[in-house]
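Protein chains in written order, with this note's numbering: chain A, 1 to 484; chain B, 485 to 686; chain C, 687 to 751.
None of these hints come from the bench; they were simulated from the model. The beta carbon of each residue, even a glycine, is placed where N, CA and C say it ideally should be. Check before you lean on any hint, since a few could be wrong.
To be verified - Cβ-Cβ distance ranges computed for the label pairs, FRET-style:
hint : chain 1 : residue 1 : chain 2 : residue 2 : range
1    : B       : GLY534    : C       : VAL706    : 48 to 58 Å
2    : C       : VAL706    : A       : ASP431    : 51 to 61 Å
3    : B       : GLN634    : A       : ALA275    : 25 to 35 Å
4    : A       : ALA158    : B       : ARG515    : 52 to 62 Å
5    : A       : LEU251    : B       : HIS512    : 27 to 37 Å
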Amino acid sequence: MSELMPSAAEPQNEPPTRAEIDRSCRGPLLVFIASAVFWLVIGSLWAILAAVKMHTPGLLTSWEPLTFGRVRPVHLNMTIYGWASMSGIATLLWLQARLARTRLPLPNLLIAGGVVWNLALVAGLVEISLGHGTSVEWIEIPLFWALVFASVFAVVMASSLTMFARRKVAHVYVSQWYLFGAVLWFPFLYLMANTLIHTGLTRGVTAAATNWWFAHNVLGLWLTPIGLATIYYLIPKVIGAPIHSYHLSLLGFWSLALFYNWAGTHHLIGGPLPAWLVTVGIVGSLMMFVPVITVGINHHMTMVGHFRRLKDSPTLRFIVFSGMSYTAVSLQGSLTSLRSVNEVNHFTHYTIAHAHLGVYSFFSMAMFGALYYLLPRLTGREWASARLIKLHFWASAGGLALYWGPLTIGGWLQGLRMNNPDVPFLEIMTDTLPWLWGRTAAGTLMTLGHVVFAWLVVTMLRGSGGARPASFAAATSPIGEVKQ
Amino acid sequence: MNRALWLYLGVFATVIASFLGLVQLPDHQLRGLEPVRDESGVDRPLRPEGGVLAGRQEYIGLGCLYCHSQQVRPDGFGADIARGWGIRRSVARDHIWDPPPVLGSMRTGPDLTNIGARQPSAAWHLLHLYRPRLTSPGSIMPEYPFLFTQQRLELERPADALSFPSGDPRPGWVTLPTYRAKDLVAYLVSLDHSYPVPEVRP
Amino acid sequence: MTLVYGIVWIVMAAFAVSAVAALVWAIQHGQMERFASAARSIFDEEEPVGRPTDAFPTSGLERRS
Numbered sequence: 001m002s003e004l005m006p007s008a009a010e011p012q013n014e015p016p017t018r019a020e021i022d023r024s025c026r027g028p029l030l031v032f033i034a035s036a037v038f039w040l041v042i043g044s045l046w047a048i049l050a051a052v053k054m055h056t057p058g059l060l061t062s063w064e065p066l067t068f069g070r071v072r073p074v075h076l077n078m079t080i081y082g083w084a085s086m087s088g089i090a091t092l093l094w095l096q097a098r099l100a101r102t103r104l105p106l107p108n109l110l111i112a113g114g115v116v117w118n119l120a121l122v123a124g125l126v127e128i129s130l131g132h133g134t135s136v137e138w139i140e141i142p143l144f145w146a147l148v149f150a151s152v153f154a155v156v157m158a159s160s161l162t163m164f165a166r167r168k169v170a171h172v173y174v175s176q177w178y179l180f181g182a183v184l185w186f187p188f189l190y191l192m193a194n195t196l197i198h199t200g201l202t203r204g205v206t207a208a209a210t211n212w213w214f215a216h217n218v219l220g221l222w223l224t225p226i227g228l229a230t231i232y233y234l235i236p237k238v239i240g241a242p243i244h245s246y247h248l249s250l251l252g253f254w255s256l257a258l259f260y261n262w263a264g265t266h267h268l269i270g271g272p273l274p275a276w277l278v279t280v281g282i283v284g285s286l287m288m289f290v291p292v293i294t295v296g297i298n299h300h301m302t303m304v305g306h307f308r309r310l311k312d313s314p315t316l317r318f319i320v321f322s323g324m325s326y327t328a329v330s331l332q333g334s335l336t337s338l339r340s341v342n343e344v345n346h347f348t349h350y351t352i353a354h355a356h357l358g359v360y361s362f363f364s365m366a367m368f369g370a371l372y373y374l375l376p377r378l379t380g381r382e383w384a385s386a387r388l389i390k391l392h393f394w395a396s397a398g399g400l401a402l403y404w405g406p407l408t409i410g411g412w413l414q415g416l417r418m419n420n421p422d423v424p425f426l427e428i429m430t431d432t433l434p435w436l437w438g439r440t441a442a443g444t445l446m447t448l449g450h451v452v453f454a455w456l457v458v459t460m461l462r463g464s465g466g467a468r469p470a471s472f473a474a475a476t477s478p479i480g481e482v483k484q
Numbered sequence: 485m486n487r488a489l490w491l492y493l494g495v496f497a498t499v500i501a502s503f504l505g506l507v508q509l510p511d512h513q514l515r516g517l518e519p520v521r522d523e524s525g526v527d528r529p530l531r532p533e534g535g536v537l538a539g540r541q542e543y544i545g546l547g548c549l550y551c552h553s554q555q556v557r558p559d560g561f562g563a564d565i566a567r568g569w570g571i572r573r574s575v576a577r578d579h580i581w582d583p584p585p586v587l588g589s590m591r592t593g594p595d596l597t598n599i600g601a602r603q604p605s606a607a608w609h610l611l612h613l614y615r616p617r618l619t620s621p622g623s624i625m626p627e628y629p630f631l632f633t634q635q636r637l638e639l640e641r642p643a644d645a646l647s648f649p650s651g652d653p654r655p656g657w658v659t660l661p662t663y664r665a666k667d668l669v670a671y672l673v674s675l676d677h678s679y680p681v682p683e684v685r686p
Numbered sequence: 687m688t689l690v691y692g693i694v695w696i697v698m699a700a701f702a703v704s705a706v707a708a709l710v711w712a713i714q715h716g717q718m719e720r721f722a723s724a725a726r727s728i729f730d731e732e733e734p735v736g737r738p739t740d741a742f743p744t745s746g747l748e749r750r751s
């Protein structure tokens, strides 16, 4: 495919095998994955602390960095920029390398990038904990550290686009479209939002519009494309059957690219903004029915006849759960943008439940699935225990269900009663307490799953799980000595 | 032109379009908003300065907006006005002095757009920050002990010492607000958007 | 102000044109054709259609089939 790379100097030798590609990803990806898993566990601890503080406000109040208003943004930034973005970048790079059939370029720069990313994140979290956070949701980390993140994005972008340009496969697979979009869109969004808001270039409610344009697109144009690219690659790959309808998958990509951008202002329904601006957000959200339904149908039809594979494959369990959650969270999201629904659910715990359905049930589950698939191929080693993988799955899936269900109901009731001026506010507040306790229990269950997962990753990196069986063609040669 | 460049631009165009639509266009529409002069000749909204501005920074640094909104929804949409959170809906003009406004997205606690009009007593706010459940039984707001200091009671009781309904919690000692607590309360008391604006008919 | 609006609209129009151009490129270069083979582009002799590539540890697929 020399169309995109006019330099005819491109050597025409054989593309590398999958094992060679996976091997070329090992160093940089292990840095990103190990960091991501670390942030997942720490982020869960902050989550539990925030959850407990909601129903037991007297806990740990004397030390300022642990006040609720700081623990909550620290949790969000740990999970979004630590766990989700770092595991997302690892998966993105690996998918690009595999789909382009090329080795991972810039490995050393990427390793350095992973280290710098972690340092910037630690610095940003310390700043928030000390009260230097910006309280602009999803961009609480002060501008300087945001610029450091942006420089790492530049390396990821360079590596990813180089692979796209060098690709040895004539056809651009649907996952590549999504990944191509993600690396172009997100660094731009991140840089624009941070600069515009933190330098005061946008002021007043325009800054609020910019804020939600960005915050919603973290999910829409960064996590969603990476998650969907993962699902579109791994479902066919694991079951050994191509995607049901390729037509639908491309329609899904282009409709997402056109509509998701515009959805963000539905977070400001009823707010002090020009009516047209909010209406645009509602229209964008409703148009999202198109990509969501096409993607949902496509994933389901691909799986038809292969559902019994769910018993065999750890990856498939997580990925299929993730795909189904994508449909659910997107339909729910479109509905909450309707004024009559938003009137009730806005400002309540319902929204928190919805956010976790997106970032956790859809995105994080896709990343778990991807990591279960790619870590053995990066290290040439096997997972230590099938039983613990199943425990992780059930703790995460069960925890999420327990989180989403009660908090959605509790949030909805909270919203209904808030719209009834005869109910005193303090009464509404105390009536949410049982649901908040339920949330803590659910979060603890999810955290248990994360600890199990972290233990599995650590044992794999230490080599105590044994070598990968030779039956998998793509297995790489193991790192160093492995206990048999 | 290289076709790859067209491809990049095409995918990029989708997000640029939304940037222009959701950021640039409102910016041009709202950039010219000016304060309005009320009957007593004061320009509203007041530009925050001094302790109020420092208090606003405390509000941001402590993450108050994770539980409190500062936006009143219009009549007929929710019950914000019926609950007494404001006498009119919030408008873009209310926020012209805020670099990023702290609109908030949660109402774990009540809306604070007009808390200064609803609860103008600084003493109440200080007590509420120190022991939320003394002023608001059943509240799940955390206390902020680090915004206060304890001092042994000398001959004369300091003027700004907190007065508790059932006497000082520790006899012989008084609780004093730090300058941070005073700034934060100055900011909270300043929150009053009940002045009339031309875009909302009374 | 008029000038700024003019620039905004010109830039928006330019991007819209490039989006259409990208679509035209994709169609002209076969990205929208041969869908059945495109969906199979992630398979080859090394990992052919019909062969699952993931299983729980120690429950090797080959032993079962």
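Hint by hint, here is what the structure shows:
1. B/GLY534 with C/VAL706: 48 to 58 Å: For C/VAL706 against B/GLY534, whose Cβ atoms are near 55 Å apart, the range 48 to 58 Å holds.
2. C/VAL706 with A/ASP431: 51 to 61 Å: Distance hint for C/VAL706, A/ASP431 holds at roughly 54 Å.
3. B/GLN634 with A/ALA275: 25 to 35 Å: violated (52 Å)
4. A/ALA158 with B/ARG515: 52 to 62 Å: violated (36 Å)
5. A/LEU251 with B/HIS512: 27 to 37 Å: Hint holds: Cβ distance 34 Å, inside 27 to 37 Å.
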